[in-house]
Amino acid sequence: MSILHTVNKSPFERDSLASCLKFASEGASVLLMEDGVYAALAGSSVESQVKAGLGKLSVYVLGPDLRARGFREDRLIDGIKVVDYAGFVDLAVENDKVQAWL
Amino acid sequence: MSEVVKKFMYLNRKAPYGTIYAWESLEVVLVGAAFDQEVSLMFVDDGVYQLVKGQDTAGIGMKNFSPTYRTLGDYEVKYIYVDADSLAARGLTQDDLVAIAYEDMDTEEEIENIVEVVDAARVTEIMDESDVVFSF
Chain Y
1 MSILHTVNKS PFERDSLASC LKFASEGASV LLMEDGVYAA LAGSSVESQV
51 KAGLGKLSVY VLGPDLRARG FREDRLIDGI KVVDYAGFVD LAVENDKVQA
101 WL
Chain U
1001 MSEVVKKFMY LNRKAPYGTI YAWESLEVVL VGAAFDQEVS LMFVDDGVYQ
1051 LVKGQDTAGI GMKNFSPTYR TLGDYEVKYI YVDADSLAAR GLTQDDLVAI
1101 AYEDMDTEEE IENIVEVVDA ARVTEIMDES DVVFSF
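Sequence lines, in order, name chains Y and U.
Take the first sequence: its position 15, counting from 1, is numbered 15 in my numbering, and each next residue is one higher.
Add 1000 to the 1-based position in the second sequence for my numbering, that's all there is to it.
Calculated directly from the structure, the hints in this document are not laboratory data.
Any given hint could be a false lead.
Straight-line Cα separation of at most 20 Å, DMTMM-like style, residue types lysine to aspartate or glutamate; simulated pairs [claimed, not checked]: (1) Y/51 with Y/26; (2) U/1078 with U/1003; (3) U/1078 with U/1112; (4) U/1063 with Y/94; (5) U/1053 with Y/34; (6) U/1006 with U/1131; (7) U/1078 with U/1027; (8) U/1053 with Y/73; (9) Y/56 with Y/96; (10) Y/97 with Y/78; (11) U/1053 with U/1003; (12) U/1053 with Y/74.
Sample of chain U residues facing chain Y (criterion: CB under 8 Å; computed from the structure) [stated by the list, open to error]: (13) 1016; (14) 1017; (15) 1045; (16) 1046; (17) 1057; (18) 1059; (19) 1062.
All residues carry an ideal CB built from backbone N, CA and C; glycine is no exception.
Same shape as in the complex, but just chain U:
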């Protein structure tokens, strides 16, 4: 097991279903969970639409991958950030988004919802603090 823990950030800027980016990002996050790094997901621009709750793809014949976001806490993802300006520009609030719970297997620390709406300055800060940024 690697002893060097890096901060990985997944930057998501695309809406789901219209393009493959959102789905691909989610796949990489799930695979990346095996590497025991400190992982955060950042949703900005149209990426905020990925977290909208109540998605029902029955009518378009595509896989509904939105329930997977709610399981991210089980994949060692502890930080999920949403850009406040992106939400506001789209007429959305945190109430429109799914809640994602997190439980630390070692300490049994439980967090009811790790989805955090942050301002632009905080987005910049988190980006700067990250060792690696994966863009989707």
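Pulled out of the complex, with its shape left as it was, chain Y reads as follows:
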């Protein structure tokens, strides 16, 4: 069963991302959205955690949420892909289920 995991909380405020990365199985997809997009930025104290996740997972970030917070693609950790709302829908359809880490 393929799973799309969504994380919408800041990694500095909650452990949603850490738990997601811990339990997501190899090959799963993770979409960072809302305050979760902060985890996608290079140079932060959670970068190594996200990079480790990129070794076994596909990581996406929701573009509109990233831009709302003042950041663009050039600030992302290498390997993270930007999707728009249509891309979010595609991910939801491509996977068997969506699991939200609230």
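Got chain Y; can you put chain U on it based on the hints?
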């Protein structure tokens, strides 16, 4: 007009848009400007994200309230502090933040940017010196 001037500090610890705290804090600061107190804003933890420049909310259908921070100098806010450790942990520098100008209407004193990055010891000091702390 009250003659007692108290030191008000607004402590901001949440990122914008994901929750309502940042917006609510800003509203209270603007309303509070009418009371002629000495006001400072402190940004720590995810609160530092509130000051990131270049915010564009067109894609999420929410009001972009970040331009309002640049007008705070006109609302008698003279001190804006950002915790250095919080910035560093998020891979940010002062270059990522908006600049906020201040002009004293009486003395015509102008300050180009009142956003000041401070260390933890200074944050503690400013907190201790404040008469009232509003937490958001």
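Hint-by-hint comparison with the structure:
| no. | hint | result |
| --- | --- | --- |
| 1 | Y/51 with Y/26 | 14 Å, holds |
| 2 | U/1078 with U/1003 | 19 Å, holds |
| 3 | U/1078 with U/1112 | 11 Å, holds |
| 4 | U/1063 with Y/94 | 32 Å, violated |
| 5 | U/1053 with Y/34 | 17 Å, holds |
| 6 | U/1006 with U/1131 | 6 Å, holds |
| 7 | U/1078 with U/1027 | 17 Å, holds |
| 8 | U/1053 with Y/73 | 15 Å, holds |
| 9 | Y/56 with Y/96 | 18 Å, holds |
| 10 | Y/97 with Y/78 | 26 Å, violated |
| 11 | U/1053 with U/1003 | 37 Å, violated |
| 12 | U/1053 with Y/74 | 15 Å, holds |
| 13 | 1016 | 7 Å, holds |
| 14 | 1017 | 6 Å, holds |
| 15 | 1045 | 7 Å, holds |
| 16 | 1046 | 5 Å, holds |
| 17 | 1057 | 4 Å, holds |
| 18 | 1059 | 3 Å, holds |
| 19 | 1062 | 7 Å, holds |
When the structure is compared with the earlier hints, violations turn up for hints 4, 10, 11 and for no others.
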